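Place chain B with the ligand on chain A using the hints.
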Amino acid sequence: MSKSTTSIGSELTVRDYSLTGANTRQAIENGLSAAEWYHSDVPRKKLKSLMKRRDAPAIHDTVIWIALHFVFAAGGLYFWGSWLCVPFWFAYGVVYGSACDSRWHECGHGTAFRTRWMNDIVYHIASFQIMRNPVNWRWSHARHHTDTLIVGRDPEIAWMHPISLVLKALAFVGIVDTWTSLKTLMRNAMGNLSQEERDYIPESQWPKAVFWARLHIAIYAAVLVVSLVMLVSGAGWKSLIPILLIGGPRVYGCWHFVMTGLLQHGGLAENVLDHRLNSRTLYMNPISRWVYWNMNYHIEHHMFPMVPYYSLPALHDLIKDDLPPPNTSIWDGYREMMGSVMKQRVDPNHAIRRSLPPTARPYREHLHLAVPERNTGLEIGDRGGT
Amino acid sequence: MPWVDACAVDDVEEEDVIRWDHEDQTYAIFRSVDDEFYCTDGLCTHEQVHLSEGLVMENEIECPKHNGLFDYRTGKALRAPVCEDLRTYETRVGNGRVMVLVE
Ligand code: FES
Numbered sequence: 002m003s004k005s006t007t008s009i010g011s012e013l014t015v016r017d018y019s020l021t022g023a024n025t026r027q028a029i030e031n032g033l034s035a036a037e038w039y040h041s042d043v044p045r046k047k048l049k050s051l052m053k054r055r056d057a058p059a060i061h062d063t064v065i066w067i068a069l070h071f072v073f074a075a076g077g078l079y080f081w082g083s084w085l086c087v088p089f090w091f092a093y094g095v096v097y098g099s100a101c102d103s104r105w106h107e108c109g110h111g112t113a114f115r116t117r118w119m120n121d122i123v124y125h126i127a128s129f130q131i132m133r134n135p136v137n138w139r140w141s142h143a144r145h146h147t148d149t150l151i152v153g154r155d156p157e158i159a160w161m162h163p164i165s166l167v168l169k170a171l172a173f174v175g176i177v178d179t180w181t182s183l184k185t186l187m188r189n190a191m192g193n194l195s196q197e198e199r200d201y202i203p204e205s206q207w208p209k210a211v212f213w214a215r216l217h218i219a220i221y222a223a224v225l226v227v228s229l230v231m232l233v234s235g236a237g238w239k240s241l242i243p244i245l246l247i248g249g250p251r252v253y254g255c256w257h258f259v260m261t262g263l264l265q266h267g268g269l270a271e272n273v274l275d276h277r278l279n280s281r282t283l284y285m286n287p288i289s290r291w292v293y294w295n296m297n298y299h300i301e302h303h304m305f306p307m308v309p310y311y312s313l314p315a316l317h318d319l320i321k322d323d324l325p326p327p328n329t330s331i332w333d334g335y336r337e338m339m340g341s342v343m344k345q346r347v348d349p350n351h352a353i354r355r356s357l358p359p360t361a362r363p364y365r366e367h368l369h370l371a372v373p374e375r376n377t378g379l380e381i382g383d384r385g386g387t
Numbered sequence: 490m491p492w493v494d495a496c497a498v499d500d501v502e503e504e505d506v507i508r509w510d511h512e513d514q515t516y517a518i519f520r521s522v523d524d525e526f527y528c529t530d531g532l533c534t535h536e537q538v539h540l541s542e543g544l545v546m547e548n549e550i551e552c553p554k555h556n557g558l559f560d561y562r563t564g565k566a567l568r569a570p571v572c573e574d575l576r577t578y579e580t581r582v583g584n585g586r587v588m589v590l591v592e
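Those sequence lines, one after another, are chains A and B.
Each residue of the first sequence is one higher than the last, beginning at 2 in the working numbering.
Each residue of the second sequence is one higher than the last, beginning at 490 in the working numbering.
Just chain A, same shape as in the assembly (with noise of 0.2 Å):
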């Protein structure tokens, strides 16, 4: 497959992330934010028909993962002591720290299932797991649709120039991100919302955030009160257990989301309209398609977020010949990646930018100017929510 290393999208000499500083003004000065973005062509009936929602995959993906967790917290228990006990806890680990992502984010964008209820509880044991408040991460994922990977307007940009190697190691290991969620939470628990937290959460939802907080904090205390007594008691490393079995996976478990979540916009551009330009599609494997939630099918998700992810694949053999060719494999994708990084780190504005199949339509390379019939609402030095 064929790539460019120019620079696209609009080059900037300076990059500030945060959702208030300069970078924030000249995206809604160029019209970037809140801005058209390229689809490909879907006929009305089809999609349609892909954008159905039924309760029966979601229902049961969701009996097997909590049967899952189960199965392997009961051999990882029974095996304890023994170096049998590390396989099932390594398996335990992936179930509860990296498949609660996906869950976290398609239930969070009410596809996976049919009933909101469902949608609902799946949302919150998810963003539990992964410790995410659920009010504040539902607003930041609504803008990283908005804005994708626009600078300064994109809470959810994973690879931030200057990209630091050893942090992006570290989060396979998930100890600082943990440390950081932590934080978030006890500091959103406290009743303090960060300027950023206030820039995407409308006001009305800011008690929300504080409670979902308080109680994500409350059960994590419980926990550790349960292992410190487990421990004063005299369990020894049976005290552990506790953690290992909440809040833990978190940590020792989260490798598999890191790797997956990092390839959905790593070395592809920043400050396009196109996702075709800025996310990537890769095939896997099916285990990790179903830790995944079929979320490797990125730009197609990204094109169309009411598809349901059971439906993600019959809309990628719809739209594929409007797309660049997809990565072969997490290793494909990962070599194409870190080429893409390692370059970044030297000159922030270059991107991977794959030749598209001769089917398809060319890069929407023209920067949104005005739509005339949107009053997006928006207006520079906006800070109010999304």
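Treat the hints with care, since some could be wrong.
[Said to hold, decoys possible] Capping the alpha-carbon separation at 16 Å, the derived lysine to aspartate or glutamate pairs in EDC-like fashion look like this:
| id | chain 1 | residue 1 | chain 2 | residue 2 |
| --- | --- | --- | --- | --- |
| 1 | A | Lys53 | B | Glu503 |
| 2 | A | Lys47 | B | Glu504 |
| 3 | A | Lys321 | A | Asp42 |
| 4 | A | Lys53 | B | Glu549 |
| 5 | A | Lys46 | B | Asp500 |
| 6 | A | Lys49 | B | Glu502 |
| 7 | A | Lys53 | B | Glu504 |
| 8 | A | Lys49 | B | Glu547 |
| 9 | A | Lys49 | B | Glu503 |
| 10 | A | Lys49 | B | Glu549 |
| 11 | A | Lys46 | B | Asp505 |
| 12 | A | Lys47 | B | Glu542 |
| 13 | A | Lys49 | B | Glu504 |
| 14 | A | Lys47 | B | Glu502 |
| 15 | A | Lys49 | B | Asp505 |
| 16 | A | Lys47 | B | Asp505 |
| 17 | A | Lys46 | B | Glu502 |
[Unchecked claim] Label-pair distances were calculated between CB atoms; the ranges are:
| id | chain 1 | residue 1 | chain 2 | residue 2 | range |
| --- | --- | --- | --- | --- | --- |
| 18 | A | Phe212 | B | Lys565 | 19 to 29 Å |
| 19 | A | Pro44 | B | Asp574 | 26 to 36 Å |
| 20 | B | Asp574 | A | His61 | 31 to 41 Å |
| 21 | B | Asp574 | A | Ala223 | 37 to 47 Å |
| 22 | B | Arg562 | A | Arg346 | 53 to 63 Å |
| 23 | B | Arg562 | A | His125 | 23 to 33 Å |
[Said to hold, decoys possible] Here are some of the chain A residues that sit facing chain B, going by a computed Cβ distance under 10 Å:
| id | residue |
| --- | --- |
| 24 | Lys53 |
| 25 | His146 |
| 26 | Met307 |
What the hints contain is simulated information worked out from the structure, not anything from laboratory work.
Remember, predicted model here, so these are calculated numbers, not experimental data.
Where is the CB? At the ideal position from N, CA and C, for every residue including glycine.
Just chain B with the ligand now, with coordinates in the frame of chain A:
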């Protein structure tokens, strides 16, 4: 407050929505599974996206941008990120046409 001829009944499929522009306004016209017609403002109250691109599920419309949800019969906002209700307009059907009471 005139009644305006908006579209033919057959222009809207059952459990679906179409966009209808009138003067400087854009509206969404819905046809429910019970064959009732409803009309709301055409743009989502979150980020002004056309709801006609969204998905109608029974009495709800899901916004295509961030999956915000409204009850299109009442305009009530049902799921974040939409917090503000949609404005609704009265409709009536006659001679195979859908009429909307615009203000
Ligand atoms: S624009 Fe409708 S939910 Fe965001």
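Comparing the hints with the structure gives:
no., hint, verdict
1, Lys53(A) <-> Glu503(B), "14 Å, holds"
2, Lys47(A) <-> Glu504(B), "15 Å, holds"
3, Lys321(A) <-> Asp42(A), "11 Å, holds"
4, Lys53(A) <-> Glu549(B), "13 Å, holds"
5, Lys46(A) <-> Asp500(B), "14 Å, holds"
6, Lys49(A) <-> Glu502(B), "11 Å, holds"
7, Lys53(A) <-> Glu504(B), "12 Å, holds"
8, Lys49(A) <-> Glu547(B), "13 Å, holds"
9, Lys49(A) <-> Glu503(B), "12 Å, holds"
10, Lys49(A) <-> Glu549(B), "14 Å, holds"
11, Lys46(A) <-> Asp505(B), "10 Å, holds"
12, Lys47(A) <-> Glu542(B), "13 Å, holds"
13, Lys49(A) <-> Glu504(B), "11 Å, holds"
14, Lys47(A) <-> Glu502(B), "14 Å, holds"
15, Lys49(A) <-> Asp505(B), "9 Å, holds"
16, Lys47(A) <-> Asp505(B), "13 Å, holds"
17, Lys46(A) <-> Glu502(B), "10 Å, holds"
18, Phe212(A) <-> Lys565(B): 19 to 29 Å, "22 Å, holds"
19, Pro44(A) <-> Asp574(B): 26 to 36 Å, "31 Å, holds"
20, Asp574(B) <-> His61(A): 31 to 41 Å, "35 Å, holds"
21, Asp574(B) <-> Ala223(A): 37 to 47 Å, "39 Å, holds"
22, Arg562(B) <-> Arg346(A): 53 to 63 Å, "54 Å, holds"
23, Arg562(B) <-> His125(A): 23 to 33 Å, "28 Å, holds"
24, Lys53, "8 Å, holds"
25, His146, "6 Å, holds"
26, Met307, "5 Å, holds"
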